[in-house]
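So the protein sequences, as listed, match chains A and B.
Using our numbering, the first residue of the first sequence is number 1, and each one after it goes up by one.
Using our numbering, the first residue of the second sequence is number 1, and each one after it goes up by one.
Certain hints may be false.
If you anchor each label on the Cβ, the simulated ranges turn out as follows [to be verified]:
#1 Glu292/B <-> Pro133/A: 21 to 31 Å
#2 Pro133/A <-> Pro253/B: 48 to 58 Å
#3 Pro133/A <-> Glu247/B: 41 to 51 Å
#4 Ile54/A <-> Leu140/B: 30 to 40 Å
#5 Trp157/A <-> Pro379/B: 41 to 51 Å
#6 Ala6/A <-> Cys498/B: 25 to 35 Å
#7 Leu18/B <-> Ile54/A: 45 to 55 Å
It is worth saying that the hints were derived from the structure and are not from the lab.
C-beta atoms are modelled at their ideal positions from N, C-alpha and C, and glycine is treated no differently.
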Amino acid sequence: MTLDRAISGLFLLLCLIYGYTAFVTMEANLLPFELNMTFLPNTMPKWLSVLGVIIGLVVVVQTGPKAQAEIDEGEIDYRNLRQYKLAQAIFLLGLMIAYALLLRPIGFIAATTLFLAGGGMILGERNYKLLLPIAIFTAFLIWYLVQELLGIFLRPWPWFI
Amino acid sequence: MLEGILQGLEAAISLQNLIMVVAGCLLGTFIGMLPGLGPMSIIAIMIPVAIKIGDPSAALILLAGVYYGAIFGGSTSSILINAPGIAGTVATAFDGYPMARKGLAGKALTIAAIASFTGGTVGAILLMGFAPALATVALLFHSAEYFALMIVGLSAIAAFAGTGNVAKALMMTVLGLVLATLGESAQFNAPRFTMGIQDLQSGISFITLAMALFALPEALYLVLDPKRSNTGGAGGEIKDLRITKTEAKLIAPVIGRQSIQGFLIGVMPGAGATIASFLGYAVERNIAKGDEQAEFGKGSVKGLAAPETANNAACTGSFVPLLTLGIPGSGTTAILLGALIALNVTPGPRMMVDNPTIFWAVIISMYVGNVVLLILNLPLIPYIAKLLLVPRNYLIPFILFFTMMGSYIGQNNATELLMLTSMGVAATIMRFAGFPLAPMLIGFILGQMLEDNFARAMNLTDGVSFMWERPMTTALLVLAIVLIFLPSIREQLAKLRCKGVADGD
Numbered sequence: 001m002t003l004d005r006a007i008s009g010l011f012l013l014l015c016l017i018y019g020y021t022a023f024v025t026m027e028a029n030l031l032p033f034e035l036n037m038t039f040l041p042n043t044m045p046k047w048l049s050v051l052g053v054i055i056g057l058v059v060v061v062q063t064g065p066k067a068q069a070e071i072d073e074g075e076i077d078y079r080n081l082r083q084y085k086l087a088q089a090i091f092l093l094g095l096m097i098a099y100a101l102l103l104r105p106i107g108f109i110a111a112t113t114l115f116l117a118g119g120g121m122i123l124g125e126r127n128y129k130l131l132l133p134i135a136i137f138t139a140f141l142i143w144y145l146v147q148e149l150l151g152i153f154l155r156p157w158p159w160f161i
Numbered sequence: 001m002l003e004g005i006l007q008g009l010e011a012a013i014s015l016q017n018l019i020m021v022v023a024g025c026l027l028g029t030f031i032g033m034l035p036g037l038g039p040m041s042i043i044a045i046m047i048p049v050a051i052k053i054g055d056p057s058a059a060l061i062l063l064a065g066v067y068y069g070a071i072f073g074g075s076t077s078s079i080l081i082n083a084p085g086i087a088g089t090v091a092t093a094f095d096g097y098p099m100a101r102k103g104l105a106g107k108a109l110t111i112a113a114i115a116s117f118t119g120g121t122v123g124a125i126l127l128m129g130f131a132p133a134l135a136t137v138a139l140l141f142h143s144a145e146y147f148a149l150m151i152v153g154l155s156a157i158a159a160f161a162g163t164g165n166v167a168k169a170l171m172m173t174v175l176g177l178v179l180a181t182l183g184e185s186a187q188f189n190a191p192r193f194t195m196g197i198q199d200l201q202s203g204i205s206f207i208t209l210a211m212a213l214f215a216l217p218e219a220l221y222l223v224l225d226p227k228r229s230n231t232g233g234a235g236g237e238i239k240d241l242r243i244t245k246t247e248a249k250l251i252a253p254v255i256g257r258q259s260i261q262g263f264l265i266g267v268m269p270g271a272g273a274t275i276a277s278f279l280g281y282a283v284e285r286n287i288a289k290g291d292e293q294a295e296f297g298k299g300s301v302k303g304l305a306a307p308e309t310a311n312n313a314a315c316t317g318s319f320v321p322l323l324t325l326g327i328p329g330s331g332t333t334a335i336l337l338g339a340l341i342a343l344n345v346t347p348g349p350r351m352m353v354d355n356p357t358i359f360w361a362v363i364i365s366m367y368v369g370n371v372v373l374l375i376l377n378l379p380l381i382p383y384i385a386k387l388l389l390v391p392r393n394y395l396i397p398f399i400l401f402f403t404m405m406g407s408y409i410g411q412n413n414a415t416e417l418l419m420l421t422s423m424g425v426a427a428t429i430m431r432f433a434g435f436p437l438a439p440m441l442i443g444f445i446l447g448q449m450l451e452d453n454f455a456r457a458m459n460l461t462d463g464v465s466f467m468w469e470r471p472m473t474t475a476l477l478v479l480a481i482v483l484i485f486l487p488s489i490r491e492q493l494a495k496l497r498c499k500g501v502a503d504g505d
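So here's chain A without its partners, still in its complex pose (with noise of 0.2 Å):
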């Protein structure tokens, strides 16, 4: 099964889910007062429920089984992951998961120093003495500019201080 398959059909079933709550779901929760007005809050699911599901068969008979035309110059082709840095990405993107769970208990200046140097490790940089200090500059500078700059609140130290 190609990919661009794989993916409408996820957006078929996405589109039936999406119908049953509007159509079901909605319909059962609604107030009585509701019933005698024209435009509910599940009118637009219902009709993009119904659109969403025929253009998801159309896609997924479009597409077909027959391997996808060749993959455009810049285009990444998937089918050969193994030949990119998967590794890099793969890492790069739990350490955002990582920078996401971290950022409120230690703090804007930790996590983000820890994001751009680890950031710049996956990557292959070895050079820790030019690393470390652009990290950290770098986080106090983003602190600076968005809290005393932008007056947007960023927790900068961790949860005990």
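Fit chain B to the supplied structure of chain A, relying on the hints for placement.
Coordinates of chain B only, in the frame set by chain A:
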């Protein structure tokens, strides 16, 4: 109208706004030059800053400056390293890069700057004429026509912006519309489709979605394929920025033609800078004669001037539907629309009447922006080009970090970052499979407005009869259907014609 222009002029040349234009153009040029970061990503990253500024005209001027700067910066990386940051400057690389390889990089950049300047300025003049005229007509529209117009816009975007596959583009549009129904809407005070998750109560943040659809996949592409950020050694020396009189004579008519053609293409929803630049290049190559035509693709000055003029004129043209109808014609203007709504300005035909200062200040600032680009960037080109030497190991973590900051500081919610990462991964996978992402964002942004107008029209006519009772609505809806089926009809016709030829042979 004159009063409005004067008001706008006053606002645009205030010190604060001039600083905004200069800052926007410079920043846009710098970031736009980095391979893989197009105007859409940059504007998405800049939105929290713009919202924080608070003053809508200043914020919009900043964003418009960033937009121009980014397009210009994109041309710079196209010419110097054959790495177009965005689709709109791909055609620039056809002749710009060969020129640079001949050692004429400085000259190529000058031609690009002059062509962009003229295209942008002529575009702004045409915009001054077009926008008020269209806004006057648009005032006759009711909610039913608006609903139909949005459908036309969405189908036009699906028909033209998709990578040749209308069904896929339509699917992404519907996905965008579906995502827009998440959370609480203005019409009803009950959350929809939140599955009881509190973080979804206010819906998906538009900035997070924009980042996830554009900035993050670009960054991941850079990680996966190091060749994309291969900046080579071309960032070094750039000399001889001057062009000769003969060259000026050669490119003058090209720039004139392409300014107008590019603008008109830009006005159409879904077409935008990419189509304008390719079409401009193709038209100029077809009307060039003999030797000149053979020169195209090998470093022709005409071949460089044509797409450069056309893409800038088209960028200006794409502001027409945004400012007058409130319908974005491209991904970039869709992001600008989101920013405007966040700043409590509703673009549409009333904008010229309700907020003349903002409306005209933006248009006037386009002139200022073009001048700034010309006089500020031309001498800076050799220095700007040094930025291309920033190593990938530093560049990518910074891009990722700014992407996350953009979505975090808008909401101050760390869950937003998890949503960003997961939607970004999904968007990257969809991009692998050739699903266009811009229609999804446009669908998401127009979704709310579409539903509001749909509701109003349905309430007025007590049903969906407005679709066939109002002639203009019917005409627009028919147009939308034609637009969707046009590509496949043309394909069928082409097939039939091919068959005929084969039979004849």
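Results of checking the hints against the structure:
Against the hinted window of 21 to 31 Å, the Cβ-Cβ separation of Glu292/B and Pro133/A comes to about 54 Å, which falls outside the hint. In this structure, Pro133/A and Pro253/B meet the distance hint of 48 to 58 Å, their C-beta atoms being roughly 54 Å apart. Against the hinted window of 41 to 51 Å, the Cβ-Cβ separation of Pro133/A and Glu247/B comes to about 47 Å, which satisfies the hint. In this structure, Ile54/A and Leu140/B meet the distance hint of 30 to 40 Å, their C-beta atoms being roughly 33 Å apart.
For Trp157/A paired with Pro379/B, a C-beta distance near 43 Å keeps the hint of 41 to 51 Å intact. Remark: the range hint 25 to 35 Å for Ala6/A to Cys498/B is upheld by a beta-carbon distance near 32 Å. For the pair Leu18/B and Ile54/A, the beta carbons lie near 52 Å from each other, so the given range of 45 to 55 Å is met.
Violated hint: 1 only; the structure is consistent with all others.
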